[in-house]
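2 protein chains.
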Amino acid sequence: MTTTATTATSGTAAPPPRRSFWAWCLESEEPTDAERADLARKLSERAGTAITARPVPDLADAELRPPRTAVPDSLAAWCATDTYERAFHAYGAHFTDRARAFDLDFPNPPDVVAHPRDEAELAATLDWCASAGHVAIPYGGGSSVVWGVNPPEADTVVTIALDRLDQVLEIDDTSRAARIQAGVFGPHLEDQLRPHGFTLRHFPQSFRFSTLGGWIVTRSGGHYATNHTHIDDFVESVRMLTPKGWWESRRLPGSGAGPSPDRLVLGSEGTLGIVSEAWMRIQARPSFRATAGIVFDTWPAGYEAVRQLAQAKLWPANLRILDPAEAGRAAGLDGTQALVIVSFESAELTQRHNIAQAVEIARACGGRVEDDEVRVSDGGGEPTGRGGAVGAWRDAFIGVGNGVETSLGLVADTFETSITWDRWPEFDAVVRERVSHALRQVFGHEPMLSCRFTHVYTDGPAPYYTWSGMGRQGSETQMWSEVKHAASEAIADAGGTITHHHAVGRMHRPQYDRQRPELFAEALRAAKGALDPGGILNPGVLIDP
Amino acid sequence: MTTTATTATSGTAAPPPRRSFWAWCLESEEPTDAERADLARKLSERAGTAITARPVPDLADAELRPPRTAVPDSLAAWCATDTYERAFHAYGAHFTDRARAFDLDFPNPPDVVAHPRDEAELAATLDWCASAGHVAIPYGGGSSVVWGVNPPEADTVVTIALDRLDQVLEIDDTSRAARIQAGVFGPHLEDQLRPHGFTLRHFPQSFRFSTLGGWIVTRSGGHYATNHTHIDDFVESVRMLTPKGWWESRRLPGSGAGPSPDRLVLGSEGTLGIVSEAWMRIQARPSFRATAGIVFDTWPAGYEAVRQLAQAKLWPANLRILDPAEAGRAAGLDGTQALVIVSFESAELTQRHNIAQAVEIARACGGRVEDDEVRVSDGGGEPTGRGGAVGAWRDAFIGVGNGVETSLGLVADTFETSITWDRWPEFDAVVRERVSHALRQVFGHEPMLSCRFTHVYTDGPAPYYTWSGMGRQGSETQMWSEVKHAASEAIADAGGTITHHHAVGRMHRPQYDRQRPELFAEALRAAKGALDPGGILNPGVLIDP
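For the record, the sequence lines run as chains A and B.
All residue numbers for the first sequence refer to the numbering used here, where the first residue is 17 and numbers rise by one.
All residue numbers for the second sequence refer to the numbering used here, where the first residue is 17 and numbers rise by one.
Certain hints may be false.
No copy labels: a pair is met if it fits in one copy or bridges any two.
Stated by the list, open to error - With a Cα cut of at most 20 Å, we get these calculated DMTMM-like pairs of lysine to aspartate or glutamate:
no.	residue 1	residue 2
1	Lys58	Glu169
2	Lys329	Asp249
3	Lys58	Glu206
4	Lys260	Glu534
5	Lys329	Asp438
6	Lys260	Glu46
7	Lys260	Asp529
8	Lys329	Asp189
9	Lys58	Asp189
10	Lys260	Glu135
11	Lys260	Asp429
12	Lys260	Asp134
13	Lys58	Asp388
14	Lys329	Asp560
15	Lys329	Glu46
16	Lys58	Glu320
17	Lys260	Glu137
18	Lys58	Glu421
19	Lys260	Asp143
20	Lys329	Asp509
21	Lys58	Glu462
Keep in mind that the hints were calculated from the coordinates and are not lab data.
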């Protein structure tokens, strides 16, 4: 049975609270001058040099190039050209984006920011771009950490944000699927599904400020660590606007008719069209849970256990491992042990058998866990996985930084990949060696570099590395660049993918160009030419014209 | 660790036994005149009219148009133009293909059949086709039931069979993956994996006479009824020859870098290139099994149980339902009951908990199964699912007809689709009503029409319908055509996909053209233009030039 959701809070309602133009939070939550001064004092001690906290910037002081086009009257109701809108949409959420925003450094903002309130307004906006030859950039939630939304050099750039297309339009509770507008942010999406007993259960770390459409076109990695890891697996059909018109696939579970149209949209990063809505497979809300945190004496012993767990195909919802550095920092272990977290969940069935089998495999690999630390919840009550080392790690994951450290000399980033198991140990060694070397060169001290797996496949893990260093204030971006280059080249040389779920954007182009088949790039370029003959959609991402 | 397989039986060995040019078997296994005469007597009684069994044809009596091109000397070692080769490769395995072959009706055979023995010979063959403007058709195993390998109208057609590229080249037992040449047939592939303890575990009904490359480009549906149902999910990377050169993706489990190159190859049906090898995810051979056959009083009660089983995400290896007609005919039930078959398997873990949970769900939906009919095998011994109703059905599935009934007036076919659960009951009613109507019109008697699910998704089933009628000898193909048209149009009108796993070929083009986004066809046409600028690869399949 298909019901139309009645929780509509349409685009005509009061605008939501404004987001900070430089920090990962709302304006009302921005780090204060006092918080930054306090952190500056601590960092000064750590660095042995004076760190000064410049005041939180006032956007009124920014000088933006005037818009290079005039918005047609017919589009004026949803197109903005004020400083906040253009400055906010000039950047994504990467470390380098925030640093430039904090510096009020906006040399190339979009000329116009459109917030269409329905598909007709979206179409009118894209028509205008196509006829005027303006570049069009779909913004999603602006959570890109790969320069995926940063305007390229062009005469005129129109950034299109779908944040007013934010409704769950239909719920099919028989098929467990929902028709959802692409501009909805994670929390608002879940708020609309919850009263019906459903959840999309897609929780990237960017959840709060990223959108369904952004997840789809960047092949976002989600909640499930095994089996259905990417948003790809939850897409039933897609509706997308291209300069040549609407592209809409049908709801056909498991259709094998020709290459999948949806799989061409997935990962297209705004180069082929703008997704306006999608039918998504949704989940009944889980009430049965089971979790265990298992300690291993060494990193290799731990990841061998993860391999065996993945290949046993129990398909746990969570299956992660923290290396000793990460387990020490984020989960309170002693700095030599690795922590494996495995958990199961279900709306229908107890998970006690699954967790018992997983623990048995892990113990056979040398893992240690007391029986009373294997937590099982059979319906209702507090979720498992909220206490002890597992809970500590979870809190660290959710408490993603808001950017208080911006421009205080601290340089930090993450990079992620995937690799087959046979190459993984050597890959890990090569990446650590080359990135550590770069960190020492750049920062002159022993590096902070750690790794966890975010997702795991039968044929290989998706490792996620975190690094940081105490740099020279004012040189953060340059220092970051040197380490990032070393990391990306190490990944490419050692045979990993340049991205498992952060996307390609403009940042990862050199390594992406090395890894994808050259003929695939030619096919993709030709496909783009058919859909976007003017080449206006997010140029420079994935392929060159 | 990566080991090179040492079981090589290379292309220089003695040729394998020849296949029948008209029946689904080897020449040595062909139905005899006596068997056909015996069947003709039985069918005469059933039809109330005289059915005559024409003798099994002698291919020497066939008159084929002479080849319209001369094979260059440099290619002669692997290119054939003799009658058997050209006649055999003129058709696939559909009912209509066999009927025409039996009639020695070969108006449009390929002019040349190439059997390249390595990639260099494959490239030389395709180079010749491109430079001479010859159409090139990849043949796979010739198991197409959708006219996917039948030569189109063209000046010259070269059919390319990769049956001599049949080796497992490498096994990576750490990542559980193998590099496999695309021309290998199912049984030979399994023979090469078995000594290493592995299996691809992809068993389409065409297993004996279909190839890995064919499975990949047609998105073949395999052994697993839930979760990883298509070959798609087992492809780690692909190497494909196009007229513009080699396309090769890397082994990157779960890569999220841009749209997946492999997903464009999957389902391309020979229109973009010829797959020469692939890295495939393989399985440890299962030794733990559990199976139950569960009886339901009605078809709706049974498929509602299947929906709940699928949505509970136990991911059984088998989860099928036979409607009352099929359960009566193939599994010995009383003709009013539906049979649900559910089974689990694992190389590592007992499946007794999973089967118990599945049976509990099925019983709550009204299913009946005695405790002692739930069979569990914890390692070694005879597989479960070999006795009783489940075993009877399994035997019927494997014992796919060899074509003894060809040209004896019997008309039979299957069609398959997928549809969301919310639309399924109405879809089933519409399809049965319209196909039954056509069957009555065409055959003048009450129709034989039944249904089972071959694969099941959380958001919908993949139903597979079987029909037959006793027709007029000599008019079988025309009668088939009328029913097929009714079935395909009913599927399209009622919102199903024209194919879940049989592919599009030339047979399903009208309905495929209705269901795929028009702009996707334009993108695909452009992509093909970039890879195959001469349009020589399998023209008419999927898209028009």
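Now for the hints, and whether the structure bears them out:
no.	hint	result
1	Lys58 - Glu169	neither (40 Å within a copy, 78 Å between copies)
2	Lys329 - Asp249	both (17 Å within a copy, 14 Å between copies)
3	Lys58 - Glu206	neither (38 Å within a copy, 63 Å between copies)
4	Lys260 - Glu534	between (26 Å within a copy, 11 Å between copies)
5	Lys329 - Asp438	within (18 Å within a copy, 30 Å between copies)
6	Lys260 - Glu46	neither (42 Å within a copy, 54 Å between copies)
7	Lys260 - Asp529	between (27 Å within a copy, 18 Å between copies)
8	Lys329 - Asp189	between (28 Å within a copy, 16 Å between copies)
9	Lys58 - Asp189	neither (53 Å within a copy, 50 Å between copies)
10	Lys260 - Glu135	within (15 Å within a copy, 40 Å between copies)
11	Lys260 - Asp429	neither (39 Å within a copy, 40 Å between copies)
12	Lys260 - Asp134	within (18 Å within a copy, 43 Å between copies)
13	Lys58 - Asp388	neither (40 Å within a copy, 70 Å between copies)
14	Lys329 - Asp560	neither (40 Å within a copy, 42 Å between copies)
15	Lys329 - Glu46	neither (44 Å within a copy, 42 Å between copies)
16	Lys58 - Glu320	neither (39 Å within a copy, 62 Å between copies)
17	Lys260 - Glu137	within (16 Å within a copy, 42 Å between copies)
18	Lys58 - Glu421	within (11 Å within a copy, 86 Å between copies)
19	Lys260 - Asp143	within (9 Å within a copy, 35 Å between copies)
20	Lys329 - Asp509	neither (30 Å within a copy, 39 Å between copies)
21	Lys58 - Glu462	within (19 Å within a copy, 86 Å between copies)
Violation of the numbered hints given earlier is confined to hints 1, 3, 6, 9, 11, 13, 14, 15, 16 and 20; the remaining hints are satisfied by the structure.
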